[in-house]
Structure formats: structure tokens, C-alpha cells
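Chains G and U, in that order, give the protein sequences.
Quick note on numbering: the working numbering labels position 228 of the first sequence as 278, and the sequence is numbered without any gaps.
Quick note on numbering: the working numbering labels position 72 of the second sequence as 122, and the sequence is numbered without any gaps.
These are computed hints drawn from the structure, not numbers from a lab.
Worth double-checking, as some hints may not be accurate.
All copies of an identical chain are treated as equivalent in the list; a pair is satisfied when it fits inside any one copy or across any two copies.
Below, computed lysine to any residue pairings styled on SDA-like, alpha-carbon distance capped at 20 angstroms [stated by the list, open to error]:
1) K274 <-> Y132
2) K274 <-> S129
3) K274 <-> S291
4) K274 <-> T214
5) K91 <-> S253
6) K274 <-> P289
7) K91 <-> F187
8) K91 <-> L103
9) K274 <-> P288
10) K274 <-> S236
11) K274 <-> R285
12) K82 <-> L292
13) K274 <-> H77
14) K274 <-> D147
Chain by chain, the residues run as shown.
There are 2 protein chains.
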Amino acid sequence: MTYCVAMCLSDGLVFASDSRTNAGVDHIATFKKLHVIHRDKDRVLVLQSAGNLATTQSIVSLLETRMRSDSEPNLLQVSTLYDAATLVGATLREVIDRDSRMQQHASTTNFGCNLLLGGQIAGEAPRLFHIYPEGNFIEATRDTPYFQIGESKYGKPIIDRVLTRETTLEQAMCCALISIDSTLRSNLSVGLPLDVMIYRADSFDDSGQRRVTEDDPYFATIRKAWSEGLQNTFRQLPPFSL
Amino acid sequence: MTYCVAMCLSDGLVFASDSRTNAGVDHIATFKKLHVIHRDKDRVLVLQSAGNLATTQSIVSLLETRMRSDSEPNLLQVSTLYDAATLVGATLREVIDRDSRMQQHASTTNFGCNLLLGGQIAGEAPRLFHIYPEGNFIEATRDTPYFQIGESKYGKPIIDRVLTRETTLEQAMCCALISIDSTLRSNLSVGLPLDVMIYRADSFDDSGQRRVTEDDPYFATIRKAWSEGLQNTFRQLPPFSL
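Chain G on its own, in the form it takes in the complex (with noise of 0.2 angstroms):
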């Protein structure tokens, strides 16, 4: 399983993602989920994957190598998020299309996954979508400015909470924290370390990547804070009486 959140605010964009993958509780790895496209001063892409491993990283791989053949459509060619994003849907059509026709027997392997596509390329404000398994996709509004995909139930309700479109990007990756930690304590097979970005707008700056291992301060600061904090205000509570 997985657990990736991206939000699109009014500074600019906040990504960020766990990197368990597991095929059975016996078969855990880390694998890096979140791929950063950058070309200077024109667009810096953020791409967040949740799903069948071998699908994910072959988005990834032929999105890559396409990028450096000027005669196929890739990312560095699109002028806007949009067609970025259908670019990537239709290539995830694609692999799984590929891998789906390959099989010789009717099998119940799921090839599918969910991405999250967000940045900004010069001549528009930063944007953030969701692509389904279908190769079709949403786009985050004022109303919704987030999205999660994989494991994404248990870390719900802190975002719903404290998250609005004008939340700062460094209070905005703190909420994401504590959403990954509500995740990290209910749910084994997703885990430390993350992968997290922050993204100024208009900075076309891809240098705001960190990788959160076990044994970050900050993380563990925000965690010990918040389930402290969390502990008080449940004592302060009036007890229910019949």
C-alpha cells in the first residue's frame, strides 16, 4: 500500500509521499514515490504514484526516455498542466494496456494505480490532479485544494480540519506530516522514510525536496507535540453522562 497527499494552495504546492510497497506482509521494500521533472525557469513537474509498482515505474521510465527524444510527445513539451496530465493518463493507458494484453491466462492481477500530477509550467498558475486508473483525470479547485491517494482514510479528517487554500506551504506540509503519522500508526504497510516537497509559486525552484526518515527532528517533534496535544484535549473534554 501507499499513502501520497498533494495540495495546491495559494503560496504554491505541498507534495508529500511514503515509500513502503509490499506484495504480502513477507515481501517489503522502498521504493521512492515521488519523481520531480524540473527545467529551469519553465516548468517543475511533481508526479506521486499509488498502485502496481510495475505500472508506476513504467509511467515514470517512458515519461523519462521520452523526454529526451525530441520526436515523441513528453513532458518537456506540453504548455500546460493539463495536456501534462493527459500525456501521463494516456501513457498510463498504455503500460497497463500492454501488461493487461500480455497475460496468456484471464488473471485477477490488479495492473491499475492513482497518481497525483502537480507543478507548474511558465504562463500558468500552479496546478494539481488526480489521474485514475482509467487514464482520465480531476483537478483541484479553491474548494477542494487536496488530494490523497492509496491508504488515504486514516489521515482524512486532520486535512479536513486545518487545511484552507490559504494555509501556508510550510503550516500545509506539517498538516501532511501529521496526516502520514496518523497513516504510519494504523496501517503496516505503509512507512517511513518520506519523500516531501514544497513548491513556491512562480519559483520554478525544484530544490525544496527532503527526504523524512525515522530519526528527523522535526518529524518527531511534530509527533510527539501532536499526540501530546492530542491527549490534552481529549482530557480537557467534559466525560459523556447519562
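With chain G fixed as given, assemble chain U onto it according to the hints.
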């Protein structure tokens, strides 16, 4: 969908259930999912249900009808909660077997349900069981003093953070209501009113029941205080910095 939670603590048992059932978003109704069987000074049994409503209603009807007959094994005859769970599991299998065999064609209908059975029978301590759609069951222990059925993920993190076996019944009910509140906010198929019950160990008293509606002053108070407490806690966390 549904959300039910039950807790088996040092002081007794706590139960809370929503009441929404739905077959599609345009077919929503209110059904009580918490059923109490009581015989003075001898037994209190509480059954909560999630899943196919036809199945769960039939199980409750059969269990209640058979309590009025001395010739059939019933919940007034069993001498342990374990035997009660066995009987409920057998009734569950009987109903699912009956209804799924009646299908003339292969059907994708899910006749299954999950049940929580808690209570006390004279001679034993209070106990709590989770009965699966297969009719088998597990029992709550000191390490895992609570069970959830239905839409359980949104409301799990808060329980994991605050509940211990030594939590008082009144605090535990507060925790259960907060857990349900988190679920209500995230999933439309879980809805008010709630049916809740506190059972104090060795009381053999079923009077600790209450229906919690939208305008219940206690529920409104803790929802507001919890939401504000979370937001205050969040505001005090240090923002992320790269």
C-alpha cells in the same frame, strides 16, 4: 455503510453505533444497529451490526423469536458469552445460507455482515466478541480492548491514541463519540442519530442507553471542543522548514 465501536474495559463496556443505512446515495434510511437483551440480575447482551440489513435484521428477529421458545437453543439459555457468540455466529450462517441459496442465478449480492457482541452473563466478567461474516469470532483482550465494524478507518487513530483498558466508561464514551464524529465528517454513509450504551460491570443493568441526536448538547459540546482543541494544537506546532 455503518460505523459501530465497542470497548471492553476494566469498569465495564461501552457501545456506540450510527444509524444510517444506504443502498445507493438516494436510498438512505435510519435503522437502529444496537440491540439489547436483558434478564434481571442474570445477563445483559448487546449486539451491534454492520453489513447487509436484510441479514442483520433476520439474525436479530430469529434470536429474539427463539428466546420465547424453550425448545430451541437461545440467548437466555447460554451460560457464557462464548456460547452466546457461538449461537449468534450459527444464526448468522443460517441466515446467509438460506438467503444466498434462494438465489436462482449467480449473484454478486453480498449477504455478509459483521457483528459485535458484548455483555455479561452471571458468573463471568464482561466480554466482547467480533463475529465475522463466516460466523467465527474473536474476543477483545487487555492488549486490544476495542473492536470496530463498518467504516472504521477515519475514527481509528483517535481511539488508538487515547484508549486503554483503564479508561473510565465516561471518558471511553467521549472517545467513541469523537471517533464517530471524525467518521461522520468524512463519510456521508455514516449518519446521526447515534445509539450509545454504557454497561457497568456486575450491574446487570441495561438502563445506560441513550439516543444521541444532531442537537444533543453534550455531543455538540465535545464536537466543538475537540475541533477547536485540534486546531489549537495544530497552530502551536512548529511549521516545517527545509
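Hints, one by one, checked against the model:
no.: 1; hint: K274 <-> Y132; verdict: neither (40 angstroms within a copy, 40 angstroms between copies)
no.: 2; hint: K274 <-> S129; verdict: neither (44 angstroms within a copy, 46 angstroms between copies)
no.: 3; hint: K274 <-> S291; verdict: between (31 angstroms within a copy, 17 angstroms between copies)
no.: 4; hint: K274 <-> T214; verdict: between (24 angstroms within a copy, 18 angstroms between copies)
no.: 5; hint: K91 <-> S253; verdict: within (8 angstroms within a copy, 73 angstroms between copies)
no.: 6; hint: K274 <-> P289; verdict: between (24 angstroms within a copy, 14 angstroms between copies)
no.: 7; hint: K91 <-> F187; verdict: neither (26 angstroms within a copy, 61 angstroms between copies)
no.: 8; hint: K91 <-> L103; verdict: neither (32 angstroms within a copy, 58 angstroms between copies)
no.: 9; hint: K274 <-> P288; verdict: between (24 angstroms within a copy, 12 angstroms between copies)
no.: 10; hint: K274 <-> S236; verdict: within (16 angstroms within a copy, 25 angstroms between copies)
no.: 11; hint: K274 <-> R285; verdict: both (16 angstroms within a copy, 15 angstroms between copies)
no.: 12; hint: K82 <-> L292; verdict: between (51 angstroms within a copy, 19 angstroms between copies)
no.: 13; hint: K274 <-> H77; verdict: neither (30 angstroms within a copy, 43 angstroms between copies)
no.: 14; hint: K274 <-> D147; verdict: neither (46 angstroms within a copy, 49 angstroms between copies)
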